[in-house]
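Here is what each chain is made of, one letter per residue.
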Amino acid sequence: MATKASRAAARAMISPSVILLLGWMLIPLLMTIYFSTLRYNLLMPGNNPFVGWENYTYFVTDPAFATAIWNTLLLVGGVLLITVVGGILLALLLDMPMWGQGVVRIMVIAPFFVMPTVSALVWKNMFFNPVNGLFGHIAKALGLTPFDFLSQAPLASIIGIVSWQWLPFATLILLTALQSLDSEQLEAAEMDGADPVNRFVFIMLPHLARAITVVILIQTIFLLSIFAEIFVTTSGGPGDASTNLTYLIYQESLLSFDVGTGSAGGVIAIILANIVAIFLMRMIGKNLDA
Amino acid sequence: MARAVTPRRKMLNTAVAWIIGLLIFFPILWIVILSFKTEGDAIRTPLGVLTSGWTFDSYSVVQERSDYFHHFWNSVILSVGSTVLGLVIAVPSAWAMAFVPGKQTKNVLMWMLSTKMLPPVGVLMPIYLICQSLGLLDTRIALTLILMMINLPIIIWMLYTYFREIPGDILEAARMDGAALKEEVLFVLLPMAVPGIASTLLLNIILAWNEAFWTLNLTAANSAPLTAFIASYSSPEGLFYAKLSAASTMAIAPILIMGWFSQKQLVRGLTFGAVK
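First to last, the protein sequences are chains A and B.
The numbering of the first sequence is UniProt numbering, which starts it at 1 and goes up by one.
The numbering of the second sequence is UniProt numbering, which starts it at 1 and goes up by one.
Hints are computed from structural coordinates only; laboratory data are not their basis.
These numbers were taken from a predicted model, which means no experiment stands behind them.
Errors might be hidden in some of the hints.
[Stated by the list, open to error] Some chain A residues well away from chain B (every beta-carbon gap over 12 Å; in silico): (1) Val51; (2) Thr61; (3) Asn125; (4) Ala156; (5) Leu174.
[Claimed, not checked] Here are the simulated BS3-like pairs of lysine-lysine, each with C-alpha atoms no more than 27 Å apart in a straight line: (6) Lys106/B with Lys286/A; (7) Lys116/B with Lys106/B; (8) Lys264/B with Lys116/B; (9) Lys106/B with Lys4/A; (10) Lys10/B with Lys182/B; (11) Lys182/B with Lys4/A; (12) Lys103/B with Lys116/B; (13) Lys286/A with Lys116/B; (14) Lys103/B with Lys286/A.
[Claimed, not checked] Pairwise CB distance ranges (calculated): (15) Gly46/A with Val76/B: 35 to 45 Å; (16) Glu39/B with Pro238/A: 19 to 29 Å; (17) Pro101/B with Asn47/A: 50 to 60 Å.
Every residue gets a Cβ at the ideal spot worked out from N, C-alpha and C, and that includes glycine.
Could you build the full structure based on these sequences and the hints that come with them?
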């Protein structure tokens, strides 16, 4: 159907996006890699000499780096665990016959549309605050000492906030996948005497496998870059107890103005994200053929 | 998957689902309630909060003290501007890839997607320095362009998956009836493409409205959208619960409403068509 002329027209139509994205990807990327090999600090103007791997060794051997990597893994892993398990349970619940399903669905999805700075500040002040927060009030009413969430358990608290934001996403996608399941299959299994647990493990779970993988991969991409929630709640503290890799690089870059070290950290973050991205791309690529 | 169940079972489902739904929704409900209280009442015990009087004061104070609508307007310009600009660039591309697919189409699409995988912090320094040297720090134009670029892959992908569902046969039929290319596009394809374009517009406005990495790092008083403005409440203003609640309620209300309308598109848009 496509003629030579229409091919040329198509190429002309595609090229603006390709050129823009190519520039957006390559220019900053090359600059980051270049900066990462320089001794370059905005607070110390000089001639920015080439230092090879020095920024990388400095960044990686800093004890804060190991902490940040560990925190990043805990944050991503914790949120994934909560949202995937919670999302499956919620999707199963929402898929059952009930009154007011649409309204419940709307309530469950709502947190996803709340901007990160609002959800983080609301949890920080209205819930976690030991003096005036809701959890503090409840603890006092029960005769307990209020728990200072963000200074006693900063990372766990942030995991809680981020899970609240991402649970709707997991639920919505798993619910969509669940609803595409052929109900005859389930009825047949029921007639053959499969109990609910068996029906879930042998029919629903395999059907959901693909959606679960997609949820995990997409969330991981976003969760590796969690920033605003940490920025407005703990600023990475106390100490570096809630500093993830993104926040550490931000500190090097825009708080210390150490362009070299910040860029070296940036390159490391890009490599880490790409490891996840490769798996995600394969999944989506397969779908494109179908 | 509606299966017949006993009324008692349905009642139980309903009760459990509503309780869990209300718990998840509660933080949002709570800030809406607090936004109609005085500062003194907002920090009382939950029972005290609910039994105290209602007032609109916080809303007017937020506007007076901090020029709230300046930031609200920034959010509107950034999210709508970046999305519309993105659509202008993306519609022809997605159109061409969907209707005149070549050998490289799949690779191009996958490559476009891969640019979305780049963590923003990885290019924080170059973008910051580029903006600084061009005098674009804390300007709406820089952020509009950046938000457009980070959402462009999603826009192209969403449009592509929608356009691909438009049956090609309909073109043949129009051609048989003697339609010229211009008429073909205008009267046959465009009406079928509008719903997809609208969904893409909606979802990407939401994403841009809530973007909180670049908006926090590249703005100050002048071009700060609501994400960055609300962040300024982190301390010590955060102690003013009623004002924080009023500012937050206004910041999330429009997006919440748009979001509820775009539930389905959300799945498609954010999974790049992998789950429909």
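Going down the list of hints, with the structure as the test:
1. In this structure valine 51/A is separated from chain B by more than 12 Å, as the shortest Cβ-Cβ distance comes to about 16 Å.
2. For threonine 61/A, the condition that its CB be more than 12 Å from all CB atoms of chain B holds, with the nearest at approximately 20 Å.
3. In this structure asparagine 125/A is not separated from chain B by more than 12 Å, as the shortest Cβ-Cβ distance comes to only about 5 Å.
4. No Cβ of chain B approaches the Cβ of alanine 156/A within 12 Å, the least distance being about 17 Å, so the stated non-interface status holds.
5. Listed as a non-interface residue, leucine 174/A fails to keep its Cβ farther than 12 Å from every Cβ of chain B; the least gap is roughly 9 Å.
6. About 11 Å separates the Cα atoms of lysine 106/B and lysine 286/A, which keeps this hinted pair within 27 Å; it holds.
7. Only pairs whose Cα atoms come within 27 Å are accepted, and lysine 116/B paired with lysine 106/B is accepted, the gap being roughly 16 Å.
8. In summary, the hint linking lysine 264/B to lysine 116/B is supported, as the alpha carbons are separated by about 21 Å, within the 27 Å threshold.
9. As the CA atoms of lysine 106/B and lysine 4/A are separated by approximately 19 Å, the hinted pair is consistent with the 27 Å bound.
10. In summary, the hint linking lysine 10/B to lysine 182/B is not supported, as the alpha carbons are separated by about 55 Å, beyond the 27 Å threshold.
11. Under the criterion of a C-alpha separation no larger than 27 Å, the hint pairing lysine 182/B with lysine 4/A is consistent with the structure, at around 18 Å.
12. The hinted pair formed by lysine 103/B and lysine 116/B meets the criterion: a straight-line CA distance of about 22 Å does not exceed 27 Å.
13. Using a Cα cut-off of 27 Å, the hinted pair lysine 286/A and lysine 116/B holds, with the two alpha carbons roughly 18 Å apart.
14. Using a Cα cut-off of 27 Å, the hinted pair lysine 103/B and lysine 286/A holds, with the two alpha carbons roughly 16 Å apart.
15. Between glycine 46/A and valine 76/B the C-beta distance comes to about 43 Å, which sits within the given range of 35 to 45 Å.
16. In this structure, glutamate 39/B and proline 238/A meet the distance hint of 19 to 29 Å, their C-beta atoms being roughly 28 Å apart.
17. At about 51 Å, the beta-carbon gap between proline 101/B and asparagine 47/A stays in the expected band of 50 to 60 Å.
The structure is inconsistent with the numbered hints 3, 5, 10, although it conforms to all the rest.
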